[in-house]
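Q: Sequence:
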Amino acid sequence: MKKILVVAAYLLVSHVFAQPLVIAKKATQTYKALQQHHYAPRKLDDSLSNQVYQQFLTAINIDGLLFSKAEASLLSKHQFKIDEYIPAENTSFLTEASAFLQTHLQDYLQFLKSEENTAIVFPKEAYWPIGNAGTPENKELLKTQRVHFVLAEVLNRIMRSGKDFSEVNTTAPDLKKTFLNQEIKRIKNLQANLNAFIEDSFLNALCLVHDPHSSYLSATNFQRFKHSLSSQSLSFGLIFEEDWLGRIVIQNIIPGSSAQKSDSLFVGDQLIQVMFENGVSVDLASGDYLNDLEMLLDDPTIKTASFTVMSSGQITKIVKLTKTTIDLQENTVSAFLLKGPVTIGYMSLPSFYTQWKSDLFMSSANDVAKAIIKMKQENIQGLIVDLRNNGGGSVIEAIDLLGIFIDQGGLFQVKNKTEVSTVKDAIRGVIYDGPLVIMINRGSGSAAELVAATLQDHKRAILTGSTSYGKATIQTLFNLSDATPYSEGISEGNDVLKITCEKTYRATGASYQLKGVVPDIDLPDASTYLYQSEKDLPFALSNDSINRKTYYTPFVSKKPWKIPSPETIRQKELSDALANLKQVLSKGLMIKPEYFIRLQNVLKELESQASYETIYEVRGLQYDKSLTTFNAYNTILQQDIKNLQQSPYVYEVYKIIQHNLSTR
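Heads up, the sequence shown is in the numbering used here, so the first residue is -6 and it goes up one at a time.
Hints listed in this document are in silico derivations from the structure and should not be mistaken for laboratory results.
Hints may be right or wrong, so weigh each one.
Result set (EDC-like, lysine to aspartate or glutamate): computed pairs, CA atoms no more than 20 Å apart in a straight line [said to hold, decoys possible]: (1) 74 <-> 38; (2) 452 <-> 400; (3) 106 <-> 176; (4) 36 <-> 82; (5) 169 <-> 157; (6) 25 <-> 400; (7) 170 <-> 109; (8) 296 <-> 285; (9) 316 <-> 256; (10) 417 <-> 450; (11) 178 <-> 160; (12) 178 <-> 276; (13) 635 <-> 234; (14) 18 <-> 192; (15) 580 <-> 56; (16) 25 <-> 77; (17) 316 <-> 291; (18) 169 <-> 276; (19) 332 <-> 146; (20) 169 <-> 256; (21) 408 <-> 495; (22) 136 <-> 157; (23) 25 <-> 64; (24) 25 <-> 38; (25) 410 <-> 495; (26) 18 <-> 82; (27) 585 <-> 118.
Use the sequences and the hints to build the structure in full.
A: Shown next as structure tokens:
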């Protein structure tokens, strides 16, 4: 019996130490790959060690809720030794960090359980930050931060549930109890998957100190990454959104999907709960986050789920769905006609998607080209390409898209560790040479900025909106195991590194890194206040320029564009509509019911600003008219038309094109 116990103890210890060994080996592989491929590789020294240490602690201390700086000092002996641990595959820091985190997860669990019987008392004046809450200095401040987190969540969930804040004393206790149960469940799940969390946090900390866009992707997370850049995927066919009152509702149902074929789900239905085949459930009515749901919906191992929804008639029903292959609407081009005094084509491109492995030629550039050909058949006099909130994607797709509007020649420049090269459009001719306006905002990043900046440099388009994100870097995928380029099919199932290998420069040699692309006409929107930009991120690569210039022939229009003065567009009105939102978010979320009432009213006011009559009618393309026989497609189409019809931003751009056409 004693011998069996000794063997069991040995196996337990072996398991405990096995995972740190795996992580340590991966850390060595990660650093070698970064040294070989990164645009600005870093030395293994005390500076890197300290920064990896700090970023790792920030990553594992979720919202600053698990431990204080004073408590974290127990690990400080490792702060300047990680540079020694990585080449030696030393596990001492990872082993201690794992035990340390387990202890503080348990401490947080005890706090959550103790809060179940604590009365709700809102502080006189305290704020919960919109970004990371940071690590409190000591144990006492840690407890205060935990209490504030719970109270802020309760108020947020009251707003999201649509309940009346005048009844906060009645609704808050039940919501608090529900939230505490969910938070306990979340922490227990984290405890059960602690090794994966430690691995992801440490390897990403090592990547992050090189730049904010280099990252480690486990095989599972890489599948999610591919999904985000694909136009087709296995899906239930449901697109959700959070309405102004915080409720999760069905925004769209994809035609041909199992959701559409069920004939039981409808746009506007409120999602209550989703139960997945693996036993995991997400309770939206009680406050589980849409992000939690979307991560599970994207999980390639999950094929079936049961959706509990409530219709407008307060009828609750459960619908079981199975994933099928569908076109992802959030990653596909949508095109419309704005029929008024002039006929303008409008096209929204949410990302520069591509097909990773498909016999079908489906890509963003190809879809844009097909849409333009359809619109030209309907005699458009100008074209709007909406790149707002387009976070980027495939640079190859961006280059192909530029070729649609720019004749052959130099487009922009790329620099790696050793040389500068010019990216050219090798194909003679263009698909569209008429008036063109590109819409951008703070949410436009990477490949979207590359397209906007290049069209601006070539004088091919007018840019409207607000200054873009400011990311002028290119990432490449590599296999973690041997630092070789990722290859679809061959590399399937491997862990992957996404490494920043190049920086992009405008045709002039200037860079929009950190600065963003500045539009010709300023039309500010909420993204300026709600989104971070590249310059806000730690370890972002610097802005610089290169002396070399790309030689190209600027586009020559029949008559130069006239930039209207701010008085001729609703620039001031749009800015004023956002002033209250900026003010109410300036210090974070105040932990008081009165504040959330004000926030709710400000959001409703902002929504009302986006609704007024335009001088055109939004229509679908004649070529796509046959698709409107599908109820689900028609529902999506009508909602998109309604949104476009009421958009003040699209209206202003329409007037800009109309003004220029009238003077030609």
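Q: Could you run down the list of hints and mark each one as holding or not?
A: A quick look at each hint next to the structure:
For the hint linking residue 74 to residue 38, the alpha-carbon distance of about 9 Å falls within 20 Å, and the restraint holds. For the proposed pair residue 452 and residue 400, the alpha carbon gap of about 12 Å is at most 20 Å, so the pair holds. Of the pairs offered as hints, the one joining residue 106 and residue 176 holds, with about 10 Å between alpha carbons and a cut-off of 20 Å not exceeded. The suggested pairing of residue 36 with residue 82 holds, with an alpha-carbon distance near 17 Å, which does not exceed 20 Å.
Between residue 169 and residue 157, the direct Cα distance comes to roughly 16 Å. Compliance with the 20 Å bound is thereby established for this hinted pair. Taking the CA atoms of residue 25 and residue 400, the gap is about 41 Å. The hint is violated against a cut of 20 Å. Of the supplied pair hints, the one linking residue 170 and residue 109 holds, its CA atoms being roughly 6 Å apart against a limit of 20 Å. This hinted pair checks out: residue 296 and residue 285 have alpha carbons roughly 17 Å apart, not beyond 20 Å.
The suggested pairing of residue 316 with residue 256 holds, with an alpha-carbon distance near 15 Å, which does not exceed 20 Å. About 14 Å separates the Cα atoms of residue 417 and residue 450, which keeps this hinted pair within 20 Å; it holds. Using a Cα cut-off of 20 Å, the hinted pair residue 178 and residue 160 is violated, with the two alpha carbons roughly 27 Å apart. Distance hint between residue 178 and residue 276 is fulfilled; the C-alpha atoms sit about 12 Å from each other, no more than 20 Å.
Straight-line distance between C-alpha atoms of residue 635 and residue 234 comes to about 16 Å, which keeps the hinted pair within the 20 Å bound. For the hint linking residue 18 to residue 192, the alpha-carbon distance of about 11 Å falls within 20 Å, and the restraint holds. Under the criterion of a C-alpha separation no larger than 20 Å, the hint pairing residue 580 with residue 56 is consistent with the structure, at around 17 Å. Distance check on the hinted pair: residue 25 and residue 77 sit about 14 Å apart at the alpha-carbon level, within 20 Å; holds.
Proximity of residue 316 to residue 291 is assessed by CA-CA distance (about 10 Å); at most 20 Å being required, the pair is judged to hold. The suggested pairing of residue 169 with residue 276 holds, with an alpha-carbon distance near 14 Å, which does not exceed 20 Å. Distance restraint check for residue 332 and residue 146: the Cα-Cα separation of roughly 46 Å exceeds the 20 Å cut-off, and the hinted pair is therefore not satisfied. Using a Cα cut-off of 20 Å, the hinted pair residue 169 and residue 256 is violated, with the two alpha carbons roughly 36 Å apart.
Between residue 408 and residue 495 the alpha-carbon distance is near 5 Å, which keeps this suggested pair within the 20 Å criterion. For the hint linking residue 136 to residue 157, the alpha-carbon distance of about 29 Å lies beyond 20 Å, and the restraint is violated. With a CA separation close to 32 Å, the supplied pair residue 25 and residue 64 exceeds the 20 Å bound. Distance hint between residue 25 and residue 38 is fulfilled; the C-alpha atoms sit about 14 Å from each other, no more than 20 Å.
In summary, the hint linking residue 410 to residue 495 is supported, as the alpha carbons are separated by about 7 Å, within the 20 Å threshold. For the given pair, residue 18 sits about 6 Å from residue 82 by alpha-carbon distance, which is consistent with the 20 Å threshold. Only pairs whose Cα atoms come within 20 Å are accepted, and residue 585 paired with residue 118 is accepted, the gap being roughly 8 Å.
Hints 6, 11, 19, 20, 22, 23, counting from the list given before, are not met by this structure.
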